[in-house]
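Peer 1: The primary structure of each chain is shown beneath.
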Amino acid sequence: MVMGIRFEKVDYIYQPHSPFEHHVLKDINVTIPSKSYTAIVGHTGSGKSTLIQHLNGLKIPTHGTVWIDDFPVTAEGIGKIGKALRKKVGIVFQFPESQLFEETVEKDIAFGPKNFGASEEEALKKAAEILPLVGLEPPLLKRSPFDLSGGQMRRVAIAGVLAMEPEILVLDEPTAGLDPQGRREMMEMFYHLYQQKHLTIVLVTHQMDDVAHYANHVIVIEKGQIAFAGTPQEVFKNVDWLEKIQLGLPTATHFATTLIKKGFPEENFSLLPLTLEALADEIAAGYERKKVGDADE
Amino acid sequence: MNNKLVIGQYLPLDSFIHRLDPRTKLLGAFAFVGIIFFADSWQSYALLSLFVLLGMMISSVPIRYFLRGIRPLLFLILFTTCLQLLFAPGQTILFKIGFIKVTEEGLIQAAFIFIRFLLIIFMSTLLTLTTMPLAIADGLESLMRPLAKIKVPVHEIALILSIALRFVPTLMEEADKIKDAQMARGATFGEGKLKDQMKAIVPLLIPLFINAIDRAEELATAMTARGYKDGQGRTKYREISYGRNDLYVLLAFIGLTGAVLWLS
Numbered sequence: 001m002v003m004g005i006r007f008e009k010v011d012y013i014y015q016p017h018s019p020f021e022h023h024v025l026k027d028i029n030v031t032i033p034s035k036s037y038t039a040i041v042g043h044t045g046s047g048k049s050t051l052i053q054h055l056n057g058l059k060i061p062t063h064g065t066v067w068i069d070d071f072p073v074t075a076e077g078i079g080k081i082g083k084a085l086r087k088k089v090g091i092v093f094q095f096p097e098s099q100l101f102e103e104t105v106e107k108d109i110a111f112g113p114k115n116f117g118a119s120e121e122e123a124l125k126k127a128a129e130i131l132p133l134v135g136l137e138p139p140l141l142k143r144s145p146f147d148l149s150g151g152q153m154r155r156v157a158i159a160g161v162l163a164m165e166p167e168i169l170v171l172d173e174p175t176a177g178l179d180p181q182g183r184r185e186m187m188e189m190f191y192h193l194y195q196q197k198h199l200t201i202v203l204v205t206h207q208m209d210d211v212a213h214y215a216n217h218v219i220v221i222e223k224g225q226i227a228f229a230g231t232p233q234e235v236f237k238n239v240d241w242l243e244k245i246q247l248g249l250p251t252a253t254h255f256a257t258t259l260i261k262k263g264f265p266e267e268n269f270s271l272l273p274l275t276l277e278a279l280a281d282e283i284a285a286g287y288e289r290k291k292v293g294d295a296d297e
Numbered sequence: 001m002n003n004k005l006v007i008g009q010y011l012p013l014d015s016f017i018h019r020l021d022p023r024t025k026l027l028g029a030f031a032f033v034g035i036i037f038f039a040d041s042w043q044s045y046a047l048l049s050l051f052v053l054l055g056m057m058i059s060s061v062p063i064r065y066f067l068r069g070i071r072p073l074l075f076l077i078l079f080t081t082c083l084q085l086l087f088a089p090g091q092t093i094l095f096k097i098g099f100i101k102v103t104e105e106g107l108i109q110a111a112f113i114f115i116r117f118l119l120i121i122f123m124s125t126l127l128t129l130t131t132m133p134l135a136i137a138d139g140l141e142s143l144m145r146p147l148a149k150i151k152v153p154v155h156e157i158a159l160i161l162s163i164a165l166r167f168v169p170t171l172m173e174e175a176d177k178i179k180d181a182q183m184a185r186g187a188t189f190g191e192g193k194l195k196d197q198m199k200a201i202v203p204l205l206i207p208l209f210i211n212a213i214d215r216a217e218e219l220a221t222a223m224t225a226r227g228y229k230d231g232q233g234r235t236k237y238r239e240i241s242y243g244r245n246d247l248y249v250l251l252a253f254i255g256l257t258g259a260v261l262w263l264s
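As given, the protein sequences belong to chains A and B, one line each in that order.
For the first sequence, this note's numbering gives the first residue as 1, with consecutive numbering after it.
For the second sequence, this note's numbering gives the first residue as 1, with consecutive numbering after it.
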């Protein structure tokens with residue numbers, strides 16, 4: 001069995017044969033490796049959200065096949081495998097707090113497990129287990145989700161997806177609208193989950209710093225087509241191209257390239273730094289080398 | 001991505017009918033419903049059908065969009081037609097099965113009713129396919145303006161109508177999103193027993209209502225912040241005006257009325 005997510009010649013056309021026809025995805029051929037932390041970046045309207053909705057068959061390709069491990073998603077739909085696929089791939093949509101509906105937090109988290117066949121008791125037990133994972137306290141279980149703060153509501157909604165115990169966790173701009181502190185905490189939480197639960201994570205984001213920090217695989221999507229796929233190092237090497245398509249760079253990388261432009265010797269960087277720590281290390285190492293070099297002279 | 005989504009049925013094409021003033025189309029559609037009730041001969045129905053078909057052709061809207069308009073009313077149409085067919089009074093009995101007798105008069109009445117339904121649906125579909133919902137609201141406000149003299153809150157009614165129309169696509173989009181999110185959590189819609197289906201809709205409706213109420217509050221705040229009080233002395237962003245073509249259409253309708261009265 002081949003593992004991972006594979007897009008094979010996938011086209012998605014919105015409302016074909018109508019005046020609203022729109023070719024959203026064009027001939028997508030890309031692989032998301034199993035157990036990877038893959039970031040999908042691209043402009044608003046580039047097709048990112050449509051792409052990820054193919055991962056659990058909420059959208060089906062107009063042509064081509066999406067393989068999720070050995071589950072095929074084709075133009076014929078997902079039929080009988082639907083339930084199993086939805087359980088395997090958990091999607092946290094943008095502003096997921098808007099999907100809360102139950103009287104209590106625990107009931108809302110239990111909604112997913114119950115849909116996938118867990119008994120009421122099992123599902124509530126699962127809710128209690130999951131809550132600490134998203135950084136919330138047990139007393140919240142009996143509260144109404146609508147009494148919570150925005151950040152807490154979002155965590156409850158994420159818990160609702162995690163409670164399904166997906167193998168693949170898809171996150172569509174999970175930190176949109178949060179303050180810097182909340183952003184950091186949430187991204188750390190996902191990274192922690194990634195390491196603990198050995199999930200495959202697919203993160204849709206505009207935050208290049210998050211890509212640099214957490215992802216080990218990056219897909220750049222531009223006007224419905226795959227513009228680039230590779231490691232963060234490989235992507236962010238293309239400084240001029242990224243600026244041309246206006247996606248931007250991680251702060252540290254931007255800092256380093258600006259330094260180089262201002263005359264800082266490029267050979268001081270053995271590797272283009274992506275994070276603040278890497279940047280500091282590279283500059284320090286550069287000075288060390290220089291010192292050794294000076295002493296040799 | 002969904003900014004191309006347009007509510008209702010409006011198809012953004014460009015045709016003679018699309019360019020008409022919304023008031024002309026509204027008056028025309030209303031008048032047509034009135035006229036059709038005077039028709040009681042084959043000739044008059046033929047003329048009316050021709051008129052509607054001509055309109056449909058000029059609008060350059062594909063025929064399937066009109067046929068789609070019939071679908072929700074199909075049962076009602078067939079039911080009414082059958083009632084006419086079986087129970088309309090008449091002397092000339094064509095055939096008789098038990099207490100059911102089909103008369104020639106009944107058959108003709110049923111055919112007329114059927115055509116009448118079809119034409120009314122086509123005409124109103126023509127209106128909604130070629131006119132933006134907001135233009136319809138503007139048109140209605142303008143047509144109702146005389147009622148303001150007898151203290152009918154015309155502006156408020158029009159405002160409520162435009163806001164409601166304005167938020168239909170937003171709500172639809174949101175319903176789609178929530179539906180996707182709940183389906184991603186394993187919910188199924190439109191499957192199983194009726195009771196289960198009704199239950200399944202709760203996770204969709206509650207978030208939808210909560211978001212709509214929140215949004216209404218935000219909208220009210222935004223309107224107050226921009227100094228909205230009431231309709232007194234407000235000017236319009238979209239002006240509507242009659243043109244030469246509107247006059248031609250008006251004349252066509254007067255001609256049609258005359259012809260139908262003469263033929264009946």
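One should not assume that every hint holds.
[Said to hold, decoys possible] Using 27 Å as the maximum straight-line C-alpha spacing, the simulated DSS-like pairs for lysine-lysine come out as follows: (1) B:K177 to A:K88; (2) B:K177 to A:K26; (3) A:K223 to A:K237; (4) A:K87 to B:K177; (5) A:K83 to A:K35; (6) A:K9 to A:K59; (7) A:K114 to B:K151; (8) B:K199 to A:K59; (9) A:K223 to B:K177; (10) B:K101 to A:K114; (11) A:K80 to B:K229; (12) A:K142 to B:K199.
What the hints contain is simulated information worked out from the structure, not anything from laboratory work.
Peer 1: For which of the previously enumerated hints does the structure constitute a violation, in increasing order of number?
Peer 2: Numbers 7, 10 and 11, in rising order.
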